[in-house]
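*Asks:* As a plain string of letters, each chain reads:
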Amino acid sequence: MEEQKDKISPESKEAGRRNFLKLGFLAAGLTVVGGGIEKVLSTEKKENPDTTVFTRDGKVFKADLNCLHEYTAPAVSNEEARRGIPGKKFVMVFDLAKCDGCKKCTEACQAMHFTEPDREWIKVFKMKDAETTAAYFMPKPCFHCDNPPCTKVCPVGATFKRQDGIVLIDDDRCIGCRSCMAACPYSTRFFNWSEPMQPEAVAHVTYSPEHGFPRQKGTTEKCDFCPHMIRDGKMPACVNGCPMNAIYFGDQNEDAVTNSAGTTVKFSQLLEDNSAYRFLEELGTEPRVYYLPPKNRKYPKPDLDSEGKEQKKDAKKPDMNKGMASMNM
Amino acid sequence: MEKPKYPDSNIPAELSEEVIREDSMRPTRNWGLSTKIWLAFLFSVAGWGLYAYVHQLRGGLGVTAMRNYVSWGLYISTFVFFIGISHSGTLVSAILRITKQDWRMPITRIAELMTFVSLCFGGIMPIIDLGHPERIGNLVIFGRVQSPLMWDVMSIITYFTGSTVFLWLPMIPDMALMRDRLTDTTKRFDKFRKWLYTKLAIGWTGSKSQWKRLELVMTIMTIVIIPVAVSVHTVVSYIFAMTLRPGWNSTIFGPYFVAGALYSGSAIVILAMVIFRKLYHLEKYITYRHFDLMGRVVLALTLIYAYLNLNEYWIPGYKMATAESHLLHDLFSGSYSSAFWLCQFGTVLLPIIVMCFPKGRTPGSLAVVCTLIAIGAWVKRYLIVVPTLLHPFLPIQDVPSDWSQYFPNWVEWSVVMGALSGMVIIVTLYAKFFPMMSMWEVVHGAQVEESKRLAAEAVAHHEIEVHKSETAKAAL
Ligand code: SF4
Ligand code: SF4
Ligand code: SF4
Numbered sequence: 425m426e427e428q429k430d431k432i433s434p435e436s437k438e439a440g441r442r443n444f445l446k447l448g449f450l451a452a453g454l455t456v457v458g459g460g461i462e463k464v465l466s467t468e469k470k471e472n473p474d475t476t477v478f479t480r481d482g483k484v485f486k487a488d489l490n491c492l493h494e495y496t497a498p499a500v501s502n503e504e505a506r507r508g509i510p511g512k513k514f515v516m517v518f519d520l521a522k523c524d525g526c527k528k529c530t531e532a533c534q535a536m537h538f539t540e541p542d543r544e545w546i547k548v549f550k551m552k553d554a555e556t557t558a559a560y561f562m563p564k565p566c567f568h569c570d571n572p573p574c575t576k577v578c579p580v581g582a583t584f585k586r587q588d589g590i591v592l593i594d595d596d597r598c599i600g601c602r603s604c605m606a607a608c609p610y611s612t613r614f615f616n617w618s619e620p621m622q623p624e625a626v627a628h629v630t631y632s633p634e635h636g637f638p639r640q641k642g643t644t645e646k647c648d649f650c651p652h653m654i655r656d657g658k659m660p661a662c663v664n665g666c667p668m669n670a671i672y673f674g675d676q677n678e679d680a681v682t683n684s685a686g687t688t689v690k691f692s693q694l695l696e697d698n699s700a701y702r703f704l705e706e707l708g709t710e711p712r713v714y715y716l717p718p719k720n721r722k723y724p725k726p727d728l729d730s731e732g733k734e735q736k737k738d739a740k741k742p743d744m745n746k747g748m749a750s751m752n753m
Numbered sequence: 090m091e092k093p094k095y096p097d098s099n100i101p102a103e104l105s106e107e108v109i110r111e112d113s114m115r116p117t118r119n120w121g122l123s124t125k126i127w128l129a130f131l132f133s134v135a136g137w138g139l140y141a142y143v144h145q146l147r148g149g150l151g152v153t154a155m156r157n158y159v160s161w162g163l164y165i166s167t168f169v170f171f172i173g174i175s176h177s178g179t180l181v182s183a184i185l186r187i188t189k190q191d192w193r194m195p196i197t198r199i200a201e202l203m204t205f206v207s208l209c210f211g212g213i214m215p216i217i218d219l220g221h222p223e224r225i226g227n228l229v230i231f232g233r234v235q236s237p238l239m240w241d242v243m244s245i246i247t248y249f250t251g252s253t254v255f256l257w258l259p260m261i262p263d264m265a266l267m268r269d270r271l272t273d274t275t276k277r278f279d280k281f282r283k284w285l286y287t288k289l290a291i292g293w294t295g296s297k298s299q300w301k302r303l304e305l306v307m308t309i310m311t312i313v314i315i316p317v318a319v320s321v322h323t324v325v326s327y328i329f330a331m332t333l334r335p336g337w338n339s340t341i342f343g344p345y346f347v348a349g350a351l352y353s354g355s356a357i358v359i360l361a362m363v364i365f366r367k368l369y370h371l372e373k374y375i376t377y378r379h380f381d382l383m384g385r386v387v388l389a390l391t392l393i394y395a396y397l398n399l400n401e402y403w404i405p406g407y408k409m410a411t412a413e414s415h416l417l418h419d420l421f422s423g424s425y426s427s428a429f430w431l432c433q434f435g436t437v438l439l440p441i442i443v444m445c446f447p448k449g450r451t452p453g454s455l456a457v458v459c460t461l462i463a464i465g466a467w468v469k470r471y472l473i474v475v476p477t478l479l480h481p482f483l484p485i486q487d488v489p490s491d492w493s494q495y496f497p498n499w500v501e502w503s504v505v506m507g508a509l510s511g512m513v514i515i516v517t518l519y520a521k522f523f524p525m526m527s528m529w530e531v532v533h534g535a536q537v538e539e540s541k542r543l544a545a546e547a548v549a550h551h552e553i554e555v556h557k558s559e560t561a562k563a564a565l
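So the sequence lines, in the order shown, correspond to chains Z and B.
To get our numbering, take the position in the first sequence, counting from 1, and add 424.
To get our numbering, take the position in the second sequence, counting from 1, and add 89.
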C-alpha cells in the first residue's frame with residue numbers, strides 16, 4: 425500500500441500549467457469509470473478543490489488534487505487494446521552474461537503491476553542444463569510467442585495475439601477455464617484463485633487488458649510487455665529496473681533495442697554478435713524473447729545447493745520514478 | 090435358474106409375455122422404506138457437495154488445492170473419467186445392436202442409462218472447474234472453434250442429445266404399455282406417473298407404421314451415435330494432446346482415451362448389471378451367459394487398453410528424452426510410482442488374467458474385477474492430468490510450498506462425491522419410474538427363443554418319425 429502512495433508523483437502537486445494538462449490526461453483515464461470518480465473524490469478529504477480538470481470527452485469539472493491518483497495508462501478502447509500499437513513488433517533480449525540474479529526486474533514489475541508477492545511475472549531461474557555445464561541465471565517473462573500455444577486453445581478469445589507481437593489477456597472476457605495455463609509450456613501464467621488484493625491506487629482504474637488491473641477473481645494474468653508504458657513512451661518496468669543493464673527492449677521493425685543504461689543498439693547486430701538463442705526453440709512457439717549466452721560472466725554463478733533454503737532478500741522498495749524514465753523509441 | 094452352467098439361450102423361452110412385463114414393472118410400483126432411506130442418504134451427500142460448491146463460488150477456486158502449477162486437478166480428472174463411462178451405453182447398445190447380438194436385449198437399458206447419467210455429470214465437471222461459470226455464455230458470444238475446449242463443448246452437447254434420444258426411443262413402447270396399465274390414478278403420485286408415461290409415450294398405439302418408423306429411427310440413431318461417441322472421447326483427449334507438455338504431447342492420446350473409456354464404461358455396465366440383477370431379482374433374464382459374454386467384451390477391451398498403455402509408456406520410456414524423463418521417473422519410481430504400478434498391475438493385468446478363465450466371468454468375480462477397473466480408470470485419469478502439470482519444462486523454483494504439490498482437498502472431494510451421488514440419484518429415480526429392461530425387446534427375444542425351440546422340437550419330432558418309419562421298414 426505504501427508503495428502505491430509513492431506512485432502519486434510528487435511533481436503533480438506543483439501548481440501550474442503542466443499540472444493542468446497532466447490532470448486532464450489523468451482524468452481521461454478516470455472518466456471512463458463513470459461512478460468511480462465520485463467515489464475517489466468523496467472518500468478523501470478536500471484540500472485543493474479548485475483544480476480544473478477536463479476530460480477527454482470535453483467535460484470540465486473541479487476536483488481536489490489530492491484525491492486524484494495518477495493513472496499512467498492512456499485510456500485505450502478494448503478494440504485498440506486488442507489490435508496493438510500499429511507498426512511495431514516488440515522484442516526483448518536478455519544478456520545472461522550480465523544477469524547476476526538480483527531479481528530487481530521481478531521487484532520492479534511486481535511494484536508496477538501491483539501483483540501479489542508470489543506472482544512473479546518475470547521470474548529469475550537458477551539454471552544448470554547438465555551436470556557438467558555451468559550454472560547461470562535466467563530471467564523469464566512471458567515470451568509473447570509468435571506461435572502462441574496459449575491463445576490457440578482459449579475457447580473465448582480472452583487471450584489474444586496483437587499485431588505488435590504482444591500476447592494479452594482480457595479479464596473481462598476470460599471464463600477461467602485455465603486451458604491457456606495448461607497449454608503454455610513455460611509456466612508463464614497465473615490464476616487469480618481467490619479474491620485478489622486490490623490496492624487503492626488501482627482499485628478504481630478502468631480495467632484494460634493493457635495493464636491487467638484491477639484484478640478479477642477467476643481470471644488469468646501474466647507479463648504483458650507493459651503496453652501502457654510503451655504508449656506513454658516509456659520502457660517496461662523490468663527493463664528499467666535492471667541494475668546490470670542486462671535487459672534490452674525495443675521494436676524489431678526499427679531494429680533497435682534499448683537497455684536501462686539508455687544504450688540503444690541494433691537488434692540484429694546484438695543477436696548476431698552474441699550468438700543469441702531462444703529458449704526451447706524446438707517447441708516451435710517462436711518466442712519474441714531472446715537470450716545472449718552467459719559467456720565471460722563477471723559475477724558469481726548461482727548456488728544451486730542452497731536451492732530452497734534461500735530467504736527472499738528484503739530488497740528496497742523499487743524506485744518507481746526510475747521505472748518511468750523515458751525511453752528512446 | 091442360476092447355475093454355473095451357461096444356458097445357451099439369450100432369454101429363457103418358457104417365459105410368457107406377462108411374466109416378463111410383470112418382472113420388469115414390479116419394482117416401479119413399490120417405493121419401499123429402503124428406497125427412501127437410500128435416497129435420503131444420496132441427497133444428503135449431494136447436498137453436502139452443493140454446499141462445497143457454493144463455498145467454492147464464494148471464495149473462488151482458491152478454496153481447492155489447485156494452484157498455479159497444478160491448475161487442473163480432480164475436477165478435470167473426474168470429467169475425463171465420467172465422460173469415459175458414458176461410452177458404455179453406446180458400446181453395448183449400438184455396437185451390439187448393429188452386430189445383431191440378441192443377448193444384448195435385457196441389458197441395453199442399463200447401459201444406455203449409464204451413458205445418460207455419466208454425461209449429465211461429466212458435462213458439469215468442467216463448468217464446476219471454471220473460474221467464472223457465470224460467463225459460460227461467452228462460449229456462444231465469443232466462441233472460437235479453434236479451441237479444443239470448444240470441440241469438447243460441441244461434441245458433448247451432441248452426444249448428450251443423441252444419447253438422451255437413444256435412451257428414450259426404445260422406451261416409447263414400454264411407456265405406452267405403462268400408461269395403459271396405470272388405470273387407478275386416485276393418488277396424486279399415480280396421476281403424475283400417468284402424466285409422465287403419457288408424455289413420454291408420445292401417442293404410441295403400436296400400429297404397424299409406428300413400429301416401422303421406430304425401427305428406422307433406431308437404426309439411424311445406432312449408426313449416428315457410434316462416430317459421435319468416438320469423437321467425444323477423442324476431443325476430450327485433445328485438451329491435453331494439443332499442448333506441448335511432456336506426457337500429454339502424444340499422438341496416440343485419441344485412441345488411448347477412447348480405449349480407456351470403453352474399458353471403464355463396459356466395466357461400469359457390468360457393475361450395474363450385478364446390482365440390478367440382485368436388487369430387482371432379474372436372475373432369469375440377466376443370466377450367467379450375459380456375464381460370460383460381457384466378460385469377454387471387457388476382456389477384449391482391457392487387452393486393447395493394455396496394449397495402448399504399453400505404447401504410451403514403453404516408447405518414451407525407452408528413449409527417455411530429457412523433458413519426458415523427469416515425468417517418467419516420477420511415474421515409474423518416484424512419488425506416483427505406487428499408484429502407477431497398482432493401476433497397471435492391479436487394474437489392467439490382473440483383470441485380464443482373471444477374465445481369461447470362465448470362472449472369472451461369473452457375476453461374483455466380475456463384480457470384483459469391474460470395481461477394480463472402475464477405480465483404476467479413475468486413478469489413471471488423475472495420473473494423466475496431475476503429474477504432467479508438476480513436471481513443466483522449466484524447473485519449479487522458489488514457490489510457495491502448496492504450488493509444488495497437489496492432493497485434492499475436502500472441497501474437491503465433496504463436490505466430486507456430490508456429483509457421483511447425483512448420478513446415483515438419477516439412476517435410482519429412473520429405476521423407480523421406468524422398467525430397467527426394455528420390455529418389448531425382451532418379449533421379442535423370448536418369442537424368438539420360443540420359435541427356435543419349437544422349430545428344434547419339430548425337427549426332433551420329424552427325426553423321430555423318420556427313425557420310427559425306418560425301423561418299421563427295416564422290421565418288415
Ligand atoms: S510464453 Fe506462454 S503465455 Fe507467453 S505467449 Fe508463450 S505460450 Fe503464451
Ligand atoms: S483461462 Fe481465460 S484466457 Fe485462459 S484459456 Fe480460459 S478463457 Fe482463455
Ligand atoms: S515486460 Fe512488463 S509485465 Fe513483463 S516482466 Fe517486464 S515489467 Fe513485467
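Hints listed in this document are in silico derivations from the structure and should not be mistaken for laboratory results.
Keep in mind it's a predicted model, so treat the numbers as computed, not measured.
Don't be surprised by glycine CBs; every beta carbon is placed ideally from N, CA and C.
It is possible that part of the hints are untrue.
[As the list claims (entries may be wrong)] Straight-line alpha carbon distances no greater than 30 angstroms define the calculated DSBU-like cross-link-like pairs of lysine-lysine that follow:
no.	chain 1	residue 1	chain 2	residue 2
1	B	Lys283	B	Lys297
2	Z	Lys550	B	Lys408
3	Z	Lys719	Z	Lys522
4	B	Lys283	Z	Lys552
5	Z	Lys641	Z	Lys725
6	Z	Lys552	Z	Lys719
[As the list claims (entries may be wrong)] Cβ-to-Cβ under 8 angstroms is the rule here; a few derived chain B residues that face chain Z:
no.	residue
7	Gly149
8	Asn157
9	Ser160
10	Leu219
11	Arg224
12	Met331
13	Phe482
*Asks:* Work down the list of hints and note, for each, if the structure agrees.
*Replies:* Status of the hints after comparison with the structure:
Using a Cα cut-off of 30 angstroms, the hinted pair B:Lys283 and B:Lys297 holds, with the two alpha carbons roughly 24 angstroms apart. Of the supplied pair hints, the one linking Z:Lys550 and B:Lys408 holds, its CA atoms being roughly 27 angstroms apart against a limit of 30 angstroms. The straight-line distance between the Cα atoms of Z:Lys719 and Z:Lys522 is roughly 9 angstroms, inside the 30 angstroms bound, and the hint therefore holds. A hinted pair counts as satisfied when its Cα atoms are at most 30 angstroms apart, and B:Lys283 with Z:Lys552 does not qualify at roughly 73 angstroms.
A hinted pair counts as satisfied when its Cα atoms are at most 30 angstroms apart, and Z:Lys641 with Z:Lys725 does not qualify at roughly 39 angstroms. Taking the CA atoms of Z:Lys552 and Z:Lys719, the gap is near 14 angstroms; set against the 30 angstroms cutoff, the hint holds. With 8 angstroms as the threshold, the beta carbon of B:Gly149 comes within range of chain Z, its nearest partner Cβ sitting at about 4 angstroms, so the hint holds. Taken as an interface hint, B:Asn157 checks out: its beta carbon lies about 5 angstroms from the nearest beta carbon of chain Z, inside 8 angstroms.
With 8 angstroms as the threshold, the beta carbon of B:Ser160 comes within range of chain Z, its nearest partner Cβ sitting at about 4 angstroms, so the hint holds. Residue-level restraint check for B:Leu219 holds (minimum Cβ-Cβ distance to chain Z is 5 angstroms; threshold 8 angstroms). The closest approach between the C-beta of B:Arg224 and any C-beta of chain Z is roughly 5 angstroms, which is under the 8 angstroms cut-off, so the hint is satisfied. Because the closest C-beta pair between B:Met331 and chain Z is about 6 angstroms apart, less than 8 angstroms, the hint holds.
The interface hint given for B:Phe482 is met, as the beta carbon of that residue sits about 5 angstroms from the closest beta carbon of chain Z, less than 8 angstroms.
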